[in-house]
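K.L.:
Sequence:
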Amino acid sequence: METFLIKAAQLILAFAFLVIIHEFGHFLFARMFGVRVEKFYIFFNPWFSLFRYKSRCLKRLEAEEKKREEAEAKGIPYQPEETEDNGKKKKSHFWKETEFGIGWLPLGGYCKIAGMIDESMDKEQMKRPPQPWEFRSKPAWQRLLIMVAGVLFNFLLAILIYAGIVYATGEKYVPLSEARQGMLFTPEAQKIGFRNGDVPIAADGVSLNEPAEAVSAMLEARNVEVLRNGDTVNIAIPQKFIFAIDREARTDSLPFQFMTYSIPARFTQVMSGYGAEKAGVKANDQVVAIDGKPVTDLYQFMKTVKGHANKTMSLTVARKVNNRIDTLTLQVPLDASSRMGVQLEVDPTQFYNSREIHYNLISSVPRGVELGTQKLTAYVSSMKMIFTKEGAQSIGGFGTIGSIFPDHWNWIAFWNIAAFLSVALAFMNILPIPALDGGHVLFLLYEVIFRRKPNEKFMEYAQYTGMILLLLLLLYANGMDIVRLFK
14 METFLIKAAQ LILAFAFLVI IHEFGHFLFA RMFGVRVEKF YIFFNPWFSL
64 FRYKSRCLKR LEAEEKKREE AEAKGIPYQP EETEDNGKKK KSHFWKETEF
114 GIGWLPLGGY CKIAGMIDES MDKEQMKRPP QPWEFRSKPA WQRLLIMVAG
164 VLFNFLLAIL IYAGIVYATG EKYVPLSEAR QGMLFTPEAQ KIGFRNGDVP
214 IAADGVSLNE PAEAVSAMLE ARNVEVLRNG DTVNIAIPQK FIFAIDREAR
264 TDSLPFQFMT YSIPARFTQV MSGYGAEKAG VKANDQVVAI DGKPVTDLYQ
314 FMKTVKGHAN KTMSLTVARK VNNRIDTLTL QVPLDASSRM GVQLEVDPTQ
364 FYNSREIHYN LISSVPRGVE LGTQKLTAYV SSMKMIFTKE GAQSIGGFGT
414 IGSIFPDHWN WIAFWNIAAF LSVALAFMNI LPIPALDGGH VLFLLYEVIF
464 RRKPNEKFME YAQYTGMILL LLLLLYANGM DIVRLFK
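Numbering (the working numbering), first residue to last: 14 to 500.
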């Protein structure tokens, strides 16, 4: 339950932050061009809101609007007040004309822009004569910029986050060429020809060295070259291999996906009160064998330990004492959850020669752009798979998204995932589907090309259609999460 709450909290926090940035992009450009933004909401608020704020300026505007409606109902021409008490012309306030709030339905957020056909479907407003502060009264190029601003801000945010991460922590990784013990591969990877100990060297003829980029390249390649016992071996990658890896990751609860470095099982900390402490296990002990059987890597150790719940395990470790290596065999009792009370070293840079790159404030920016572009390109490339049977079955909702967050608070991991989700949100929103930003952009491009606006009735029906499609997609994606949960 604790793990679920931690993942859920990270998902909601990241989603809320990305929604704020996205909607702020629309808000900022709308106000720059003098368009009134009536509402700015994080999450949707059907029937009620968790929080709502109206400035005194907005309350005066609403009172004036009520007077206008009453005058029109009586057939009396209404003349709005144009001056303040001191005789000066009224000012357009940047944010005071907007109602801010937090909804209770965490499916997104919205800016209600005056004079625009959007998810609010405010038909009454659209029946009135256009006003100079409304979206529909502005030139097409201004409306286009307002609509793409959310997507633009999400992508810029991803670049900023990536730049911030490399500026704060740099980049440290083990080049594949330094993996002396080779890599470990999951069962699905081994089915198509990979072997534990292989070192990938190229994907479709392109050299591989940086591990994170190598995984993406290998999953999308047709052919991968690996170094195996000094020989080069070619492995053909099936067209839908990425779905097999995705399915394996969802169902088999493996500690890694596709491949990882082969590193020994070394303890970094022994926790008080558990069996390891009682048996005399020390920090920096390195596992040699369990019950007399050799253990060659961390993941073999983890798999073997799972079979010793409520049992005593014969653990052989190598321990450095006064510049010599001693081998000891200890009897370690495990609890009902197969816990012995140790923390493991999982960083491959502690075992292999690594490459470390530091960035200053200036050099971090182009690296942020590079990482953002790489993530966008990889995401766009993967989207084509959705139109296959396997791709449709791999779609997931909030459960799938939440599962990619770590089960403990790690701010670097959190920001990395938030940056990726920001890229994904930017791309999804620019798709030419009515009710998304891309749908509005499509209609604006039509207007620019043909010099006339689409019919308002058509726009309303298109908006309804887009909203229904998105709702069905949302139900399907989260429904697939529920189906997988009970499989």
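Please note: incorrect hints may appear among the correct ones.
[As the list claims (entries may be wrong)] With a Cα cut of at most 30 Å, we get these calculated DSS-like pairs of lysine-lysine:
| # | residue 1 | residue 2 |
| --- | --- | --- |
| 1 | Lys204 | Lys125 |
| 2 | Lys109 | Lys125 |
| 3 | Lys52 | Lys80 |
| 4 | Lys67 | Lys79 |
| 5 | Lys52 | Lys316 |
| 6 | Lys306 | Lys295 |
| 7 | Lys20 | Lys79 |
| 8 | Lys319 | Lys295 |
| 9 | Lys333 | Lys306 |
| 10 | Lys253 | Lys324 |
| 11 | Lys253 | Lys79 |
[Unchecked claim] If you anchor each label on the Cβ, the simulated ranges turn out as follows:
| # | residue 1 | residue 2 | range |
| --- | --- | --- | --- |
| 12 | Ala296 | Leu63 | 39 to 49 Å |
| 13 | Thr340 | Leu18 | 39 to 49 Å |
| 14 | Arg464 | Phe30 | 49 to 59 Å |
| 15 | Val359 | Ala153 | 18 to 28 Å |
| 16 | Asp420 | Ser367 | 46 to 56 Å |
| 17 | Lys109 | Val359 | 16 to 26 Å |
| 18 | Glu469 | Leu63 | 40 to 50 Å |
| 19 | Thr342 | Glu233 | 42 to 52 Å |
| 20 | Ile115 | Lys253 | 37 to 47 Å |
| 21 | Asp360 | Asp244 | 25 to 35 Å |
| 22 | Leu374 | Pro467 | 41 to 51 Å |
| 23 | Leu18 | Val496 | 30 to 40 Å |
It should be emphasised that the hints constitute simulated quantities derived from the structure, not laboratory data. Glycine included, C-beta positions come from ideal geometry on N, C-alpha and C.
K.L.:
Quick one: are Leu18 and Val496 within 30 to 40 Å, going by C-beta?
P.N.:
23 Å, violated
K.L.:
Take a quick look at whether Lys52 and Lys80 sit within 30 Å of each other, Cα to Cα.
P.N.:
At roughly 21 Å apart (the allowed maximum being 30 Å), Lys80 and Lys52 satisfy the hint.
K.L.:
Given a hint of 40 to 50 Å, does the C-beta separation of Glu469 and Leu63 actually sit inside it?
P.N.:
Because 33 Å falls outside the window, the suggested range is violated.
K.L.:
Lying within 39 to 49 Å: is that true of the beta-carbon distance Ala296 to Leu63?
P.N.:
The hinted range 39 to 49 Å holds for Ala296 and Leu63, with Cβ atoms some 47 Å apart.
K.L.:
Checking one constraint from the list: CA of Lys52 to CA of Lys316, max 30 Å. Satisfied?
P.N.:
53 Å, violated
K.L.:
Would you say the C-beta atoms of Asp420 and Ser367 sit inside 46 to 56 Å of each other?
P.N.:
Given range 46 to 56 Å: violated, Cβ gap about 26 Å.
K.L.:
With respect to the beta-carbon atoms only, verify the hint that Ile115 and Lys253 lie 37 to 47 Å apart.
P.N.:
Once the Cβ atoms are compared, 42 Å apart, the range 37 to 47 Å for Lys253 and Ile115 holds.
K.L.:
Would the hint linking Lys333 and Lys306 be met if the CA-CA limit is 30 Å?
P.N.:
21 Å, holds
K.L.:
Is the straight-line distance between the alpha-carbon of Lys253 and that of Lys79 30 Å or less?
P.N.:
60 Å, violated
K.L.:
Does the structure keep Lys319 and Lys295 at a Cα separation of 30 Å or less?
P.N.:
21 Å, holds
K.L.:
Mind checking the alpha carbons of Lys20 and Lys79 for me, to see if they're no more than 30 Å apart?
P.N.:
46 Å, violated
K.L.:
Would the pair Lys204 and Lys125 pass a check requiring their Cα atoms to be no farther apart than 30 Å?
P.N.:
53 Å, violated
Figure legend: structure checked against the earlier numbered hints; hints not met, in rising order: 1, 5, 7, 10, 11, 14, 15, 16, 17, 18, 23.
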